[in-house]
Amino acid sequence: MLERTGAMTGTVQRHALYCRGLVYQVGERRLIDGIDLDFLPFGISTIVGYNGAGKSLLLRLLHGLLEPSEGAVLWNGKPLSAKARHHQAMVFQKPVILRRTVLDNLRFALASRGIRDRKQALAALERVGLSGLESRPARLLSGGEKQRLALGQAIGCNPDVLFLDEATASLDPASVHAIEQIVLAASAEGTKVIMVTHDVGQARRLSDEVIFIDQGRILEQAPAGSFFASPSTRHAAAYLEGRLPETHQHPSQN
Amino acid sequence: MLERTGAMTGTVQRHALYCRGLVYQVGERRLIDGIDLDFLPFGISTIVGYNGAGKSLLLRLLHGLLEPSEGAVLWNGKPLSAKARHHQAMVFQKPVILRRTVLDNLRFALASRGIRDRKQALAALERVGLSGLESRPARLLSGGEKQRLALGQAIGCNPDVLFLDEATASLDPASVHAIEQIVLAASAEGTKVIMVTHDVGQARRLSDEVIFIDQGRILEQAPAGSFFASPSTRHAAAYLEGRLPETHQHPSQN
Amino acid sequence: MQDFASELKGALTQILSMDSGFVEIIGLSLRVSLSATAFSCLLGLVLGAFLAVSKFRGRQGCIILLNALMGLPPVVVGLFVYLNLSRAGPLGWLGLLYTPTAMIIAQTILITPIVAALSRQVLEDLHDEYREHFASLGLGMPAQIRAVLWDGRYSLITVALAAFGRSVAEVGAVIIVGGNIEHLTRVMTTAIALETSKGNLSLAVALGIVLLAIALAVNAMVASLRLSASRLGYA
Amino acid sequence: MQDFASELKGALTQILSMDSGFVEIIGLSLRVSLSATAFSCLLGLVLGAFLAVSKFRGRQGCIILLNALMGLPPVVVGLFVYLNLSRAGPLGWLGLLYTPTAMIIAQTILITPIVAALSRQVLEDLHDEYREHFASLGLGMPAQIRAVLWDGRYSLITVALAAFGRSVAEVGAVIIVGGNIEHLTRVMTTAIALETSKGNLSLAVALGIVLLAIALAVNAMVASLRLSASRLGYA
Amino acid sequence: QDKSILVQSTTSTANSGLYDHLLPMFTGKSGITVNVVAVGTGQAIKNAQNCDADVLLVHAKASEEKFVSEGYGVQRFDLMYNDFVIVGPAADPAGVKGMNDVKAALTKLAEAKAPFASRGDDSGTHKKEMSLWKAAGIEPGGEWYRSTGSGMGATLNAGVGMGAYVMTDRATWISFGNKGDYEIAVEGDEAMFNQYGVILVNPEKCSSVKQAEGQAFIDWLLSAEGQNAIRAYQVDGQQLFFPNADPGQMKKAG
Ligand SMILES: Nc1ncnc2c1ncn2[C@@H]1O[C@H](COP(=O)(O)OP(=O)(O)OP(=O)(O)O)[C@@H](O)[C@H]1O
Ligand SMILES: Nc1ncnc2c1ncn2[C@@H]1O[C@H](COP(=O)(O)OP(=O)(O)OP(=O)(O)O)[C@@H](O)[C@H]1O
Ligand SMILES: [Mg+2]
Ligand SMILES: [Mg+2]
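Residue numbers (the working numbering), protein chains in the order written: chain A, 5 to 258; chain B, 5 to 258; chain C, 838 to 1072; chain D, 838 to 1072; chain E, 556 to 809.
By construction, these hints were calculated from the structure, which means they are not laboratory data.
One thing to keep in mind: the hints can contain errors.
[Unchecked claim] With a cut-off of at most 25 Å between alpha-carbon atoms, the simulated DSS-like pairs for lysine-lysine come out as follows: (1) A/Lys98 to B/Lys98; (2) C/Lys892 to A/Lys87; (3) E/Lys652 to E/Lys663.
[As the list claims (entries may be wrong)] Short, incomplete list of chain A residues facing chain B, as computed with Cβ under 7 Å: (4) Gly118; (5) Gly147; (6) Ala178.
[Unchecked claim] Stretches of chain B that chain D covers, calculated by requiring three or more beta carbons in the stretch to come under 8 Å of a beta carbon on chain D: (7) 76-89; (8) 100-107.
Ideal placement from N, C-alpha and C gives every residue a C-beta, glycine not left out.
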């Protein structure tokens, strides 16, 4: 899929996102343990890894929601700031829903980008399949509906960088497909997408590059094609096959 | 997989769970719209359907967490009660985590069943791969770890009926596999499992019977084999293929 | 006590066959307390929300101070306001001493810390849930304050009611700055204090019961407003 | 006011060169307020938690009543206790009137509704989050009450501090049942009221400042306990 | 329109109901509204020193004369008097009932160590009580002597509550509502004479003083009409205050 981005090499610098020596430590534990990453300036980068590997923490650090204990994240050559976040958007693994209607939730998010047009909010709802639910109390939505709302907010903001943390985990298969199309479209329009997923099929379908993270460290970063064809580490291979690495604590198979 | 349960026909009556004329109405909307269901008294029954179809509401009604607007749920011929719930357990789509450590969360759940043995709690943690995280503040766990904790609580209770609402949605592939084995084992030991999943592969792997629900109504209830081979309704077929039914509001594919 | 019960009944009937003076006292009580509650909510909620959403050095100290200020003695607040509004004081030229305005000022000072401290706690719990979403949206402080105040509005009602309760029951501050002057600054609590010092205990208790009935009416009205107000979008 | 400032300074130094009588007053203030806070938390938290987790007909009415009782006038509570503990009253034989015990009783009555009403709100918000989990576990009322009290403990500290603030600043009830008797029932607030009525306004304000300092110390201690207590498992 | 004056007075005069009797007459005649603030004697004087009064009406002759000599007041006039009495429980544990020699009665009280509640608030009444003890050669103190640090009404309530003797002005006692089984034990000694004075606050110190209206009120009180009105005030058929303005005083002022 890398050819999609050929037309936009002129904008490469604009999205340059990288980090150096990133550490996130709580007490004694180094949850993120020295990460250097250069993201492809375009296309879709997918982060995969076992539960608790540090994927969500890494996304938060990249988005600037957490202050790294060591190291730094740079976007367009500058450190992150609240202002930078105005050009980014994130869908959380567990969506945060305000005590308001569906439409008000969406308008609240768009308003932070200065988008106050009701029509644009309605269009975003339509895109994620929530038309007709505008005036529902958003906290009473079903799990999948909540996730769509969060997606609608993020996509409605037209961000330069879109972080997706298991954004389709509780969607039905049809919606997963539809959302994947939306993400591909956004990416094609120049949005840099950095996503986390446990759906290996989805990672295959969408990724331009794959990053494998384990116990807070990057074990592999490779173009999607080569990663899925022949992962270079034993751990990544085990992950793809749905096996548990022996060195890890994981559900015993009884 | 039905043969697994052959040995336990003697306990058939014990798990008999069914509902009649079940309606759950909020305002004008009939979110559950007249459901009659007889569950296989054993094995794994899987409920599938689009987002917002009413799967989670149905599970809540069957577990007795919601009072139906009309109709009734009967378990062992009796209406549901708090006491009945002591023999059932549920893993919520969005796990509820107390402001305590991982171990204390688990012990809290087990204590409600009179299980106060610390060892049993530790064993349950081990089963879901959370050994070593006992003393962590549970609300700081990763998404997948939280889901395991919820699973550990439910399974640790040794329930007669186990309700699972997308219980593996944010687990990594290896953990999904491990949890599936645990569920199969529980089912083999006589636990009736009623689960909701959007993972068609998982539904195929685990189900003895499949129930397809759409807009609050049961469109199909069939043995797993025949459902996946040839669903009898157009809607179910579309669902399995990841297509959106034309009559529904769903994400537009642009 | 049996005596007392019948006395009390007498006092209550006497009160309830209201003369205009009594209606005046009730009216002033409500006016002063509701105004003070409104002003202290205006100030206290914003302050509480600010402390709930912000992070700065010294924030913990501010919170401790605010919590301690819930223990502000009414008499001291009354004296403080008195000394400022007194003819001899810096604001004496305003001529506000012994007016309802002075009473409202004193009660506002007394109650604002309560509103701020309690709403800080309520809103901080709420903000913990919203924090990352707000951070991701890059929301500024004012937007965050507005958002938590709006989303926490139903829980904040209890805070406002606590403030109202404190102000309507309070006597120490209003008696100093109001002077308990008949037809001018006499409110329920100062009237109760007066009857107590006259030894008319049953009348004092009866007035207290009436005061509670008024508080009950206000609370019931707020509750019914809250219920009848569309809770749409809030769950 | 300039005069006043220097007067105040004098009064403060006078106070702070503490004589034993003054230390006695501070000690009694703390003893009474902390005891009343402890008892009212014991009662009020359980009541608040019960209302937060339970559902029954009339619950809404109870909540309204409780919220209204936050407006219980101290003087009326004082009178009520006085009438019961007085020699002529039904509990007169206990000989409790004009003892610190009587003051604690009166303040406990005054403060319990505040603790109950505020904790009800805090715990209801928490229980909304836990409700389904508890229902699924088939937990009984006592277990639910215990669980929300435990999990809400950090938010409830603010409620307890509000109760402490109310009780330490309160004068209307303690002066009636305590009598402000020197060496026996004189506390900070009644001493302030006394100095005020003597016209020693600067001394009264100085005492008020000392009272606030004490409240601040208590709050700071609670805050540091809270911070240093392992917050393990709580987030 | 704002023809109103502010009088700082003692609680005892206000509690006796005297003002409710006098003020309507004065206001009806002069059109001047009189607002009375009733506080402790010390506080009343202090408030007047702060210019928060036009007229001061208290009963502490020494303090009043100091007030005038320091320039806060224009001139002090004797207005009226009543007397102090000692009240006690009907059982009369100290056996002082019927005595009219106050020194002897106080000596007996001290010897019997009968509970005695003193106002202890530096009020006019308290100062009087202290001077009587001194005259009797007693330094009161100990368990039985309870200093309530409160106003007259509160001290009476306290005395009745604990069965202690109390010295009170007759006006407050007659109109007091919570007498219980209390009766007057000691009365009639000339030493228990209680003189009230009235003072116009000095306009030269306090420009806010409404000199004309304040003087009008004082003039009326001292006039035959005012004095008669005071004499006419009765509670339970008893006269509470005995006017004793010296007609000559006015001329001195004039
Ligand atoms: N604030 C925190 N304090 C302590 N530990 C934390 C904190 N946040 C996360 N962790 C731990 O750090 C590890 C990584 O968390 P993270 O949420 O990044 O995992 P993840 O890779 O996203 O996992 P999942 O696939 O389950 O979502 C987990 O073991 C988690 O328990
Ligand atoms: N308390 C409620 N009040 C109003 N509407 C509700 C309530 N609870 C659920 N709904 C609505 O009912 C529908 C069914 O909800 P439910 O949670 O059962 O969906 P679901 O099938 O589990 O979907 P998902 O796959 O997204 O989890 C949804 O459209 C939801 O918005
Ligand atoms: Mg994660
Ligand atoms: Mg669901």
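Now the hints, each set against the structure:
1. A/Lys98 to B/Lys98: 8 Å, holds
2. C/Lys892 to A/Lys87: 18 Å, holds
3. E/Lys652 to E/Lys663: Given that 25 Å is the threshold and the Cα spacing comes to 11 Å, the pair holds.
4. Gly118: 24 Å, violated
5. Gly147: 4 Å, holds
6. Ala178: Holds, about 4 Å.
7. 76-89: Contact hint for the segment 76-89 of chain B vs chain D: holds, 4 residues under 8 Å.
8. 100-107: With 5 residues close enough to chain D, the hint holds.
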